[in-house]
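The lines below spell out each chain.
Protein chains: 2
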Amino acid sequence: MEKMPVGIGLLGCGNVGSALVRLLDKGDIKKMLEIKAIAVNDLTKKRPDFVHLDLLSDDPQSVITRDDVQIVVELIGGIEPAKSLILKALNAGKSVISGNKELLANHGMELANAANKAGVDLLYEASVAGAIPLVRLLRESLAGEEIVRVLGIVNGTTNYILTQMTEFGIDFKNALGQAQNLGYAERDPEADIEGMDAASKASILASIAFGADVVFDDVFREGITGLETYDISYATKMGYVVKLLAIIEMVEGPRSSTESGGTRKLSVRVHPALVSADHPLASVRGPFNAIFIEGEAAGDLMLYGKGAGGAPTASAVLGDILDAAHNISFGASSRNLKRETVDFAPVNDITTRYYLALDVIDEPGVLAEVAKVFGMNKVSISSMEQVETNEGARLVFFTHVALEKNLQATKRDLGNLSVVKKVGSIIRILDGGQE
Amino acid sequence: MEKMPVGIGLLGCGNVGSALVRLLDKGDIKKMLEIKAIAVNDLTKKRPDFVHLDLLSDDPQSVITRDDVQIVVELIGGIEPAKSLILKALNAGKSVISGNKELLANHGMELANAANKAGVDLLYEASVAGAIPLVRLLRESLAGEEIVRVLGIVNGTTNYILTQMTEFGIDFKNALGQAQNLGYAERDPEADIEGMDAASKASILASIAFGADVVFDDVFREGITGLETYDISYATKMGYVVKLLAIIEMVEGPRSSTESGGTRKLSVRVHPALVSADHPLASVRGPFNAIFIEGEAAGDLMLYGKGAGGAPTASAVLGDILDAAHNISFGASSRNLKRETVDFAPVNDITTRYYLALDVIDEPGVLAEVAKVFGMNKVSISSMEQVETNEGARLVFFTHVALEKNLQATKRDLGNLSVVKKVGSIIRILDGGQE
Numbered sequence: 029m030e031k032m033p034v035g036i037g038l039l040g041c042g043n044v045g046s047a048l049v050r051l052l053d054k055g056d057i058k059k060m061l062e063i064k065a066i067a068v069n070d071l072t073k074k075r076p077d078f079v080h081l082d083l084l085s086d087d088p089q090s091v092i093t094r095d096d097v098q099i100v101v102e103l104i105g106g107i108e109p110a111k112s113l114i115l116k117a118l119n120a121g122k123s124v125i126s127g128n129k130e131l132l133a134n135h136g137m138e139l140a141n142a143a144n145k146a147g148v149d150l151l152y153e154a155s156v157a158g159a160i161p162l163v164r165l166l167r168e169s170l171a172g173e174e175i176v177r178v179l180g181i182v183n184g185t186t187n188y189i190l191t192q193m194t195e196f197g198i199d200f201k202n203a204l205g206q207a208q209n210l211g212y213a214e215r216d217p218e219a220d221i222e223g224m225d226a227a228s229k230a231s232i233l234a235s236i237a238f239g240a241d242v243v244f245d246d247v248f249r250e251g252i253t254g255l256e257t258y259d260i261s262y263a264t265k266m267g268y269v270v271k272l273l274a275i276i277e278m279v280e281g282p283r284s285s286t287e288s289g290g291t292r293k294l295s296v297r298v299h300p301a302l303v304s305a306d307h308p309l310a311s312v313r314g315p316f317n318a319i320f321i322e323g324e325a326a327g328d329l330m331l332y333g334k335g336a337g338g339a340p341t342a343s344a345v346l347g348d349i350l351d352a353a354h355n356i357s358f359g360a361s362s363r364n365l366k367r368e369t370v371d372f373a374p375v376n377d378i379t380t381r382y383y384l385a386l387d388v389i390d391e392p393g394v395l396a397e398v399a400k401v402f403g404m405n406k407v408s409i410s411s412m413e414q415v416e417t418n419e420g421a422r423l424v425f426f427t428h429v430a431l432e433k434n435l436q437a438t439k440r441d442l443g444n445l446s447v448v449k450k451v452g453s454i455i456r457i458l459d460g461g462q463e
Numbered sequence: 029m030e031k032m033p034v035g036i037g038l039l040g041c042g043n044v045g046s047a048l049v050r051l052l053d054k055g056d057i058k059k060m061l062e063i064k065a066i067a068v069n070d071l072t073k074k075r076p077d078f079v080h081l082d083l084l085s086d087d088p089q090s091v092i093t094r095d096d097v098q099i100v101v102e103l104i105g106g107i108e109p110a111k112s113l114i115l116k117a118l119n120a121g122k123s124v125i126s127g128n129k130e131l132l133a134n135h136g137m138e139l140a141n142a143a144n145k146a147g148v149d150l151l152y153e154a155s156v157a158g159a160i161p162l163v164r165l166l167r168e169s170l171a172g173e174e175i176v177r178v179l180g181i182v183n184g185t186t187n188y189i190l191t192q193m194t195e196f197g198i199d200f201k202n203a204l205g206q207a208q209n210l211g212y213a214e215r216d217p218e219a220d221i222e223g224m225d226a227a228s229k230a231s232i233l234a235s236i237a238f239g240a241d242v243v244f245d246d247v248f249r250e251g252i253t254g255l256e257t258y259d260i261s262y263a264t265k266m267g268y269v270v271k272l273l274a275i276i277e278m279v280e281g282p283r284s285s286t287e288s289g290g291t292r293k294l295s296v297r298v299h300p301a302l303v304s305a306d307h308p309l310a311s312v313r314g315p316f317n318a319i320f321i322e323g324e325a326a327g328d329l330m331l332y333g334k335g336a337g338g339a340p341t342a343s344a345v346l347g348d349i350l351d352a353a354h355n356i357s358f359g360a361s362s363r364n365l366k367r368e369t370v371d372f373a374p375v376n377d378i379t380t381r382y383y384l385a386l387d388v389i390d391e392p393g394v395l396a397e398v399a400k401v402f403g404m405n406k407v408s409i410s411s412m413e414q415v416e417t418n419e420g421a422r423l424v425f426f427t428h429v430a431l432e433k434n435l436q437a438t439k440r441d442l443g444n445l446s447v448v449k450k451v452g453s454i455i456r457i458l459d460g461g462q463e
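Each protein sequence line maps, in turn, to chains V and C.
Note that our numbering has the first sequence beginning at 29, numbered continuously upward.
Note that our numbering has the second sequence beginning at 29, numbered continuously upward.
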């Protein structure tokens, strides 16, 4: 490390960018890394003191093409111009660090191919779960490991909302309002609460953990907007916590289906799930994130930490920069990730246990009618509880393991019963885990 | 990766070694890595099928010196002959992977210096917490991070015992018996229950996280043998869980001490601690391990996983082997760790809150006498509860933040009171955390 500092070109200087500038301004790091230029949209905007104004430029192309820039850090976000700028940097032989989940979730393979071709690094630790070093874990520590399943709490906003609903019994709307007041949720919260942010991260996780080419549109997605306070409290009563999970696993196609007869396919999905209260993921509270990895030899591993915020994200970016700088000084590059095309398991093919809530009219014989629908659709009931409500009765079911397709048919048929006033939440139950 | 496989020489083929042989026998890995020879003590011992007998040798020197061995994996354990063999391998320019905590905790600096001098890798992910990739995390992902504190549950045996005591209200002896029956504890459990295993791991963790030269003897250590069932249940009642923690942090020397006036020193210690029930470490149950890292920019991070067992440990060793092989193919080496001599904070200098249990005779005026001793020693009481026992009364105190030295003086003076029948457990309370 007695060499010249490695030159950094920064694209974007917002929350994460300025936190990074601050981290790079410290003793030991300063000797190894030096920011040569920073591309910003608005040269006149007020910046923190530690951002040297003479480094700023409103021409990102010039930042990339500087001879003294060896590592380009992209913190602009969005698809364009980020994508073109990154491709240009890679093609010019620069290593690239990005925290841009939207871009990586949609064009990750194209970018990875460009990096492989140029023999440089493309690192994106900050794109999935902020400060949590899971990309390096999956790429390096678990490089020889057969990954069985990856479960992630990868969206801090929804985890905060669900934690508040669970611990204080408040409803979704109030919990969302709190999250917005605390700055955990945007004024337009759709990307978080509808699971889109988590789905982007799930596609990146799937690419790394299973070496598969997975894009945003391959991810099955359900958000948390439909969850009622009573869903959460029944879950608690039965020893579960409701979490919005990203789930990535190889599943067997159903044997009865001729089209997919027993072959293994990748299931990548984001939806609320009931997690057993003694599962490590259940203890992940508030805006924190966690990734739970089930490996063939390593067993269960979990990484927990801050999924967002300027300093934590900048810390992840810095880890990547140091990695790229190390490789540059040795003329090496990080291990490339193969990305293969895979078959995806339709969500209808998964099998799991379910929670299902049903508002019905309060009359004798209703349960028999309802139970018949479950039976006809080959969904077996594990437990049932009936509760009086103001307007009638509510039936809460836990099923045995069933095929999603059959559960959806049950849902449809229940909705057609005249005694059923409303089919409420259907929540999948996470099986297995550490026991 | 189209090159010749990298040659591996294995020293030791027990539980972890044979699990490793199995992992190396798989498709993709097999093309990259090849075991050339395995040194064992007993050539006649029965081995699993997948261990090829023609690879076995009872001469470890010959395994190390083979020209076709580029990476030596040491899984013998103990100080000698492991140390001499590793030094010989490093000096011969071979990369070395070791999971030998005893050796690394006592001679880590000498080995690291030899590796640095030879420009090869010395990797030991498996030495601290089995499958949990914390060494790589600290060395690479957090290379630019200022670490504030590291907390570890690094001994599965004691964590299993404490979990059983907490969840089933059984006493230490019974919980230990269960752990022995399940194979979590040795027949001679001293190294685990007296905290020696955890202290070895704490010294390695401290070396990595703080770049300090820390050996086993620098670690302050208390085991869990003195904990009573009632300690655990009071803790539960007050919202805490008892964990055996490795704690590594920079602390300020007390200002009043002329000798160490306000300078920062490293505190490395292993002792039971009361952990708030909503702290992520509290949810680490049974034989699992976890490392909780508080970073300046990254915030709180936790890694959770299996701390022992053949397959998980072999998985960590395999991660290291792939790392070393990657570096060999590029002529690079892992980032070396500087290890500097540091001043250690005597345990008497730490400040924390305490739990303290006291058996006293059941008479008026006893509490006043006891409280006076606390006051004289500048230890302020936060809460007190008196419980009738069969033989008298028990007083359970929670203190405000106090200096360890003052707490120890309190303990001594309480022991001299005629009304005190027994000074029971004194348990430090973990402060701070994620809130």
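Possibly wrong hints are sitting among the right ones.
One copy or two, either will do: identical chains are not told apart, so a pair holds if it fits within one copy or between any two.
[Unchecked claim] Pairs of lysine to aspartate or glutamate residues, derived as EDC-like cross-links and limited to a Cα-Cα distance of at most 16 Å, are as follows:
#: 1; residue 1: Lys-366; residue 2: Asp-56
#: 2; residue 1: Lys-400; residue 2: Asp-53
#: 3; residue 1: Lys-293; residue 2: Glu-214
#: 4; residue 1: Lys-406; residue 2: Asp-387
#: 5; residue 1: Lys-201; residue 2: Glu-256
No lab work stands behind these hints: they were computed from the structure.
Intra- versus inter-subunit Cα pairing at 16 Å for Lys-366 with Asp-56: between (34 Å within a copy, 12 Å between copies)
Homomeric proximity label, Lys-406 with Asp-387: Cα distance no greater than 16 Å: neither (21 Å within a copy, 62 Å between copies)
Intra- versus inter-copy proximity for Asp-53 and Lys-400 (alpha-carbon distance at most 16 Å): Classified as neither: same-chain Cα gap 68 Å, cross-chain 52 Å, threshold 16 Å.
16 Å Cα threshold - placement of Glu-214 relative to Lys-293: For Lys-293 and Glu-214, neither the intra-copy (35 Å) nor the inter-copy (43 Å) Cα distance is at most 16 Å.
Alpha-carbon proximity context of Lys-201 and Glu-256, limit 16 Å: within (10 Å within a copy, 46 Å between copies)
Hints 2, 3, 4 from the list above are not met by this structure, while the remaining hints are.
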